[in-house]
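Novice: The lines below spell out each chain.
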Amino acid sequence: MNRLLGRTTPLIIAIIAIGLAIACGSSRKSIEELAGEDSEIRIYEVFGMDCPGCHGGVENLVNSLDGVVASRANWEQQKLTVLVSKSAQVSDQMILDAIRQANFTPGKRVQ
Amino acid sequence: MVIALLLGCQVLDHSQVQAGGISIDAGLTPAANRWIFRSQMRILERDNNPTTPSMDMQAHMFPIMVAYGLRSNAMLMVRQAYMRREMTMMNQSTVNSGFGDLFLLGKYRLIRVNTPTHTLGIAPILGLEFPTGEEPFTSNSYDLRIGTFVSGRIHTWRMDLNFAYTWNGMAMTGDSGIDPGDAVEVQAALSRQFSVGSYADIALAPVLESSYQRLSADSNGDLAVANTGESLILVSPGVKLTWGSFILEGLVQFPVWQDYEGAQTERSTSVLLGIRVMN
Numbered sequence: 001m002n003r004l005l006g007r008t009t010p011l012i013i014a015i016i017a018i019g020l021a022i023a024c025g026s027s028r029k030s031i032e033e034l035a036g037e038d039s040e041i042r043i044y045e046v047f048g049m050d051c052p053g054c055h056g057g058v059e060n061l062v063n064s065l066d067g068v069v070a071s072r073a074n075w076e077q078q079k080l081t082v083l084v085s086k087s088a089q090v091s092d093q094m095i096l097d098a099i100r101q102a103n104f105t106p107g108k109r110v111q
Numbered sequence: 001m002v003i004a005l006l007l008g009c010q011v012l013d014h015s016q017v018q019a020g021g022i023s024i025d026a027g028l029t030p031a032a033n034r035w036i037f038r039s040q041m042r043i044l045e046r047d048n049n050p051t052t053p054s055m056d057m058q059a060h061m062f063p064i065m066v067a068y069g070l071r072s073n074a075m076l077m078v079r080q081a082y083m084r085r086e087m088t089m090m091n092q093s094t095v096n097s098g099f100g101d102l103f104l105l106g107k108y109r110l111i112r113v114n115t116p117t118h119t120l121g122i123a124p125i126l127g128l129e130f131p132t133g134e135e136p137f138t139s140n141s142y143d144l145r146i147g148t149f150v151s152g153r154i155h156t157w158r159m160d161l162n163f164a165y166t167w168n169g170m171a172m173t174g175d176s177g178i179d180p181g182d183a184v185e186v187q188a189a190l191s192r193q194f195s196v197g198s199y200a201d202i203a204l205a206p207v208l209e210s211s212y213q214r215l216s217a218d219s220n221g222d223l224a225v226a227n228t229g230e231s232l233i234l235v236s237p238g239v240k241l242t243w244g245s246f247i248l249e250g251l252v253q254f255p256v257w258q259d260y261e262g263a264q265t266e267r268s269t270s271v272l273l274g275i276r277v278m279n
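So the protein lines, in turn, are chains A and B.
Here the first sequence is numbered in the working numbering, starting from 1 and rising by one per residue.
Here the second sequence is numbered in the working numbering, starting from 1 and rising by one per residue.
Mixed in with the good hints there might be a few duds.
[As the list claims (entries may be wrong)] Among chain A residues calculated to face chain B with C-beta under 7 Å, some are:
1) F47
2) G48
3) Q101
4) A102
[Stated by the list, open to error] Here chain A is said to cover these stretches of chain B; the calculated rule only asks that three of the stretch's residues, wherever they fall, bring their Cβ under 8 Å from a Cβ of chain A:
5) 115 to 129
6) 200 to 206
7) 237 to 249
Simulated from the structure, these hints should not be mistaken for lab results.
Glycine included, C-beta positions come from ideal geometry on N, C-alpha and C.
All chains should be built: construct the whole structure from the sequences, respecting the hints.
Specialist: See below:
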């Protein structure tokens, strides 16, 4: 047992250290940074997101809608921020349906 | 120590956070058309055979799993493992390696309730293991698995439960005449997740798992085969790091109770390291 723990404990510590290093150095542009004059920012409540891994599921589905420039989910705040082109016809209902397709429950639009 | 860590996180962080199990095929169904790739390295050891103290076994398993969301409430998963096993007895070692059996699993989300304060999900599973592996890692039988996965969260705590019954030897392909014993598994995972980076893109979660496994003795006609059949309870502290669509996970499994029919090697501490990628 000691042999096993001796071999694997440094590996586990290394994985955590690498992850934390990545965390400190990582950056992703916010919706505010991406927004231009021809776009509109909308924010929706989303319930059921558990972790950052959930972000991709809902963002991919919302981003696939015509007229959506980008979206950012935040599982901690239970919010989805969507950047929509002003010239496109993207209804709230289309975004709420995409949230449901991702297995989450939409709340109200807060902005 | 892990419980203290979990309690500490509860006191320090009141954000709405959680994480699933590590050794369990955790999680409800992914979104439609979403892929999840998962790979692990599992290191297992067995020793303390009561009649042959000099015998021990070390196994390395490398399972690869791919899951796909057929619809928002249904997923299909396929798993294939490569294994290496070294057995030592009286200072003589025997090493075997090769692919194990292919496992196909379907999961259907029956219930999912999401509210700001709690979530509940229930998903039955149906799986079939095909005897495609190499000797000595194949079971030479089609094995059917049925079960239910339950995932719940209240405020900041999450609990995952997994119940599974495996009908080993549902259809035999070999001619040994031995019917492998069926297996029952009950697994639970308690976890808490908290943010590390900005935009909540990174999260670290301590996880505490516990599992009960019961493998019935093999049978040959009406007779139980000697030195087969076992029961054990494992307690497993672990940690999970989620970074966007990547998850790194590590777990140490401690057998806290085990009971074997006849003379068999006992399960020792095992280690699991894994990675998950989601599109």
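Novice: Would you mind marking each hint as holding or not holding in the structure?
Specialist: Verification of the supplied hints:
Hint status for A/F47 relative to chain B: holds, with the closest Cβ pair at about 4 Å, below 7 Å. Taken as an interface hint, A/G48 checks out: its beta carbon lies about 3 Å from the nearest beta carbon of chain B, inside 7 Å. Interface restraint check: A/Q101 against chain B, minimum CB-CB distance 5 Å, threshold 7 Å, status holds. The closest approach between the C-beta of A/A102 and any C-beta of chain B is roughly 4 Å, which is under the 7 Å cut-off, so the hint is satisfied.
Restraint check on the segment 115 to 129 of chain B versus chain A: 3 residues with Cβ-Cβ distances below 8 Å, three needed, restraint holds. Under the rule that three or more residues need a Cβ within less than 8 Å of chain A, the assignment of the segment 200 to 206 of chain B holds, with 6 such residues. With 8 residues bearing a CB less than 8 Å from a CB of chain A, the segment 237 to 249 of chain B meets the requirement of three and the coverage assertion stands.
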